[in-house]
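S.K.: If you use full-length UniProt numbering, the sequence shown closes out at 108, no skipped numbers anywhere.
Hints were generated in silico from the structure; no laboratory data involved. Certain hints may be false.
Claimed, not checked - Below are the SDA-like pairs computed for lysine to any residue, each with C-alpha atoms no more than 20 Å apart in a straight line:
1) Lys52 <-> His41
2) Lys21 <-> Leu32
3) Lys10 <-> Lys21
4) Lys52 <-> Ser42
5) Lys10 <-> Asn22
6) Lys10 <-> Arg24
7) Lys2 <-> Ser16
8) Lys12 <-> Asn22
9) Lys45 <-> Leu29
10) Lys10 <-> Phe25
11) Lys12 <-> Ala33
12) Lys10 <-> Leu20
13) Lys46 <-> Lys58
14) Lys79 <-> Val67
15) Lys79 <-> Met69
16) Lys58 <-> Arg68
17) Lys21 <-> Asp44
18) Lys46 <-> Ile35
19) Lys49 <-> Ile37
20) Lys45 <-> Gln56
21) Lys61 <-> Met72
22) Lys21 <-> Ile9
23) Lys61 <-> Ser51
24) Lys61 <-> Lys45
25) Lys2 <-> Leu14
26) Lys79 <-> Asp66
27) Lys49 <-> Ser39
28) Lys49 <-> Leu60
29) Lys45 <-> Ala33
30) Lys79 <-> Leu89
31) Lys21 <-> Ile8
32) Lys79 <-> Pro91
33) Lys46 <-> Met36
34) Lys10 <-> Trp23
35) Lys12 <-> Leu29
36) Lys58 <-> His41
37) Lys79 <-> Arg68
38) Lys21 <-> Ser42
39) Lys58 <-> His48
40) Lys49 <-> Glu59
Treat the numbers as computed from the prediction; the structure is a model and nothing was measured.
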Amino acid sequence: MKEGFYNIIKGKFLVSDDALKNWRFIIFLSVLALIMIGSSHSADKKVHKISKLNAQVKELKSEYVDVRMLLMQARMESKIIAAMESHGLQPSTTPPKRIRITKEEKKD
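Based on the sequences and whatever the hints tell you, model everything.
M.R.: Written as structure tokens, this is what we have:
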């Protein structure tokens, strides 16, 4: 056990007769480590992109609420009357009347 540990520390397992098996395994582990590191970086990029998009969604929602509030205020009758007075228009003082059109049938 003690000698096997010393052989690993000295690196004899890399230069012995069956070292090819060990090198294949080491290269395989290195490739797996590189793939894992790459996927980790990719996941981090996606997380950052998601957080940026969530911030944009919050900003757009607040902008939507502000614009909707301004629209509701602009549609108020008092605001419309005040805007039209600057153009010389005033609200009607007489109530509207309903006009009915009846269609008569032609007799031959």
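S.K.: Assess, step by step, whether the Cα of lysine 21 is no farther than 20 Å from the Cα of isoleucine 8, and give holds or violated.
M.R.: OK: lysine 21 and isoleucine 8 at ~15 Å, within 20 Å.
S.K.: For the pair supplied as a hint, lysine 21 and leucine 32, is the alpha-carbon distance within the 20 Å limit?
M.R.: holds (17 Å)
S.K.: Are the Cα atoms of lysine 10 and phenylalanine 25 separated by 20 Å or less?
M.R.: holds (18 Å)
S.K.: Holds or violated: lysine 61 and lysine 45, Cα atoms, limit 20 Å.
M.R.: violated (24 Å)
S.K.: Below or equal to 20 Å on CA atoms is what counts here, so check lysine 46 against isoleucine 35.
M.R.: holds (17 Å)
S.K.: Could you grab the alpha-carbon distance between lysine 45 and alanine 33 and see if it respects the 20 Å cut-off?
M.R.: holds (19 Å)
S.K.: Measure nothing beyond the straight line between the CA atoms of lysine 21 and aspartate 44; if it is 20 Å or shorter, mark the hint as holding.
M.R.: Outside the cut-off at roughly 35 Å; violated.
S.K.: What's the verdict on lysine 46 and methionine 36, does the C-alpha distance respect the 20 Å limit or exceed it?
M.R.: holds (15 Å)
S.K.: Check the hint pairing lysine 21 with isoleucine 9 against an upper bound of 20 Å on the C-alpha distance.
M.R.: holds (18 Å)
S.K.: Against the 20 Å threshold, does the CA-CA distance of lysine 79 and proline 91 hold or violate the hint?
M.R.: holds (12 Å)
S.K.: With a cut-off of 20 Å on the C-alpha distance, tell me whether lysine 79 and aspartate 66 pass.
M.R.: holds (17 Å)
S.K.: Keeping to a limit of 20 Å between CA atoms, is the pair of lysine 79 and arginine 68 held or broken?
M.R.: Holds, at about 15 Å.
Checked against the numbered hints given earlier, the structure breaks hints 9, 11, 17, 24, 36 and 38 and satisfies all the rest.
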